[in-house]
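Since the structure of chain A is provided, determine the placement of chain B on it from the hints.
Residue numbers (this note's numbering), protein chains in the order written: chain A, 1 to 499; chain B, 1 to 499.
Derived by calculation from the structure, the hints in this document are not laboratory data. Among the hints, erroneous ones may be present.
It does not matter which identical chain is meant; a pair holds if it fits inside one copy or across any two.
[Unchecked claim] In silico SDA-like pairs for lysine to any residue, Cα to Cα no more than 25 angstroms straight-line: (1) Lys94 x Ala73; (2) Lys108 x Pro276; (3) Lys108 x Ser22.
Here are the chains, one letter per residue:
There are 2 protein chains.
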Amino acid sequence: MSDALTTLRRELAQIEDLGIASRVLEWDQLVMMPPGGAQTRAEGLATLHRLAHELFVRDEIGELLERLRPEEADLDPDSDDACLIAVTRRDWEKARRVPADLRAEMTKLSSEGVEAWAQARANDDYASFRPWLDRTLELKHRYIECFPAPDDPYDVLLDDFEQGMRTAEVRRVFDRLEPALRDLVDAASGEDLEPFVTGPYPREAQHELSLVVARAFGAVDDVFRLDPTVHPFCTSFATQDVRITTRYAEDDLHGSSIFSTMHEVGHGLYEHGGDPALDRSPLATGCSSALHESQSRLWENVIGRSQPFWRWFYPQFRDGFAGVLADVPLERFHRAINRARPSLIRVDADETTYGLHIILRFQLEQELLFGGLSTADLPDTWNTRMEELVGVRPPNDRVGCLQDVHWSGGMFGYFPTYQLGNVLSVQIWERLVADLPDAYEQVEHGSFGEIYEWLREHLYRHGRKFEPSVMIDRLVGGPIDPEPYLRYLADKNASLAAA
Amino acid sequence: MSDALTTLRRELAQIEDLGIASRVLEWDQLVMMPPGGAQTRAEGLATLHRLAHELFVRDEIGELLERLRPEEADLDPDSDDACLIAVTRRDWEKARRVPADLRAEMTKLSSEGVEAWAQARANDDYASFRPWLDRTLELKHRYIECFPAPDDPYDVLLDDFEQGMRTAEVRRVFDRLEPALRDLVDAASGEDLEPFVTGPYPREAQHELSLVVARAFGAVDDVFRLDPTVHPFCTSFATQDVRITTRYAEDDLHGSSIFSTMHEVGHGLYEHGGDPALDRSPLATGCSSALHESQSRLWENVIGRSQPFWRWFYPQFRDGFAGVLADVPLERFHRAINRARPSLIRVDADETTYGLHIILRFQLEQELLFGGLSTADLPDTWNTRMEELVGVRPPNDRVGCLQDVHWSGGMFGYFPTYQLGNVLSVQIWERLVADLPDAYEQVEHGSFGEIYEWLREHLYRHGRKFEPSVMIDRLVGGPIDPEPYLRYLADKNASLAAA
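This is chain A alone, in the form it adopts within the complex (with noise of 0.2 angstroms):
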């Protein structure tokens, strides 16, 4: 290795060093801190991430890039090294173009934001939030304008989360969508909720139960942990230090801990698939944030919601919450949680309804952006919109445009890439399954080994070395693709339907 790149890589392990002790004191932060810890922690996050800002963009690193221009040309694109120098090359001219009082004000009203609209949807007080928002898109013009003029100035957005995608393929993937997901929850409304859906699901049952899962799908206990929080997340340190978050809701079957447990194990498990090698430099995540969401989505749904999974697994859930499901046979279960019916709220959404939910995200984001749409008229806009798309009109706020936290952090630009994932975890599924036809029998006697070996192997090792859309050309043979989504889902409601 040339003196450049050793120093390159020191370089970069060191920021990244800086990265991972944020990750942790967020991590700390959500799950185990004293609540009197919060100043001092947001100040403390705030310096590591400038910190780390500060040693990224300095002129050294740029300079160590431009002289391994040279070895660059004559190594194996796709050598761990090539990648590395492409990526870090990419990330530093992207973080130069922003300057550093523009970060710092993001970064600040981020946080003000955050704060201001957990109060708002507390209150139901979307009035108090509003100003937050004006300051927020105003912001993220500032920040579009950092950047050469894109084919659309949301394309800038969408880079932060899902590098290189286009607007335009994101619009080609939710107008096939669109009508398809609202005939399939046409199809399925107008039937009442299980009873049993509604609990209680003791604590103490849903965590062993989610433990068992857990450990079954390969989040290994040397390696994970597991927590309970408010939001469940996942977050990783190394590829050997991966820690899950659940909620225990005991009244809501679907918000139990066993379905965000599959969900945040799937991303965990793409965190802890990574080559070890990859540790401590910039290369050591996902590649996106589709492609992240893609494997929260297969463990969670492709596997956690088919009949071969529970076939397996319902046994022993059923005793566990023997309570409520004594008398409830495989079918209905399996038939709960799965059938489509309109929802106010995205996260607790079927399976189907949940691309309605995000194609209305999608499409405000970039009305209040660029389209003209005022803040002022957004939840009357949010709730016309649901009511066409979904058919159903939240009765306020809390449960309307004040229910996701994203556009007061700034994220904007995020939403889609949940519903690309739910798209791409079938399209990698079908992958899988022409290597391994018999994936739903192991899964029906809870063998998941080969499916981590197979996803690891496609995906989990490469962890951040290539672009996303080269990437999922090399996993599924091409881009993203809505008709195995569609496919699976007309299959499964049909199947629903006639059970």
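What follows is chain B alone, placed relative to chain A:
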């Protein structure tokens, strides 16, 4: 505030943020982290420590301190700003004396040495650890040479934990203690162990009762966490974010979580009681190791092993462990947790014997460094001196010279502060009782608020503003004095003998 002072405060806050992040990572490693995270965590901590050090020893910090000299002369010397400047100047001058390569070597050897020690202790294989000890002693000599020749070379090591403390002063105190403690231990020996000491003390009840005591002492839930770990410790990330850890030996009353919790809560209250205005500055911690230990010992021993405390707490405690304590009267219980009895292990020693363990280490570490004691002869010398001092001979090195981690991590000079803390705890308590004559009556009623407030007002709130000798003088009206402590032990031993 002048520009220079504002800049200094901001620079120090940023460095302190890195220190806090390190402590969060260390706490997580010992309390939460899956074992798989160890390697990445070690590298991350090394980065944070190095960055904090590099930021601190910059010329810019020295220049700011120089620019502040005129301003400093006009400040009230007790003001936060004057103390911040003085403490920072001293820390900076000290940190600049140690070359970066020596510091890096020490850090690396320390973590490898602890690893080698853990292995050696597990296998009772001192010989395998000896090369690490030799190397550590060699680096300690190089470290000492970085500083101007002191009265006694051991002064340099003491200074890292007890700023300004002289070896001669420790010797003065310990020379007075040694024969007095030996007499007390000799007089008390020969008694059989009470059968209830070996439990069982179920873990769950220990946890519940430990929380009762922690909260009664002032460890409020919004600020404190209590978690299990192998070797209990306390750390804090802000005055409002304090982490206590404990252990739950079920077969040993002395190793139960009650005593380790009271000990660590004592440390925690000192951190919590600091003036929040000092948060994120170098003044935001206790004044010295001995003063810190004085507080863990005051809450654990002076309060937590007193008759008044157990008159309040024993009814609950006995109910929690009715299986072993139902027929044990308060007096017998109080006697069992207090009476002197020769022991092999420092951390399990009673209050009277404890000091002899420290005196042994204080003597041996000086002889290893400066007195010609070869590491080859350490085990034999340790065992012979234990027999002379304490009256028991270790049957192996695991319970002999391999029992403590300190030397393996390079912490020479730390041990004496434990015993100075014991001595100080009684000096401080006597001053407290002079102001609050009914302190023990309050304890007997389970009321600790006024005691905490007195300690906060007279000690905790000052953080690290004053030099230890100044702080001690303000607090107890003179230097460290072993007489109150010896009177306290003599009274306790006499009352136990009479009971």
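Evaluation of the provided hints:
1. Only within a single protomer do Lys94 and Ala73 lie at most 25 angstroms apart by alpha-carbon distance; the minimum there is 22 angstroms, versus 48 angstroms between protomers.
2. Taking the shortest Cα distances, Lys108 and Pro276 sit within 25 angstroms of each other only across copies (22 angstroms), while inside one copy they are farther apart (34 angstroms).
3. Taking the shortest alpha-carbon separations for Lys108 and Ser22, both the intra-copy value of 16 angstroms and the inter-copy value of 24 angstroms come in at or below 25 angstroms.
Violated hints are absent here; each numbered hint is respected by the structure.
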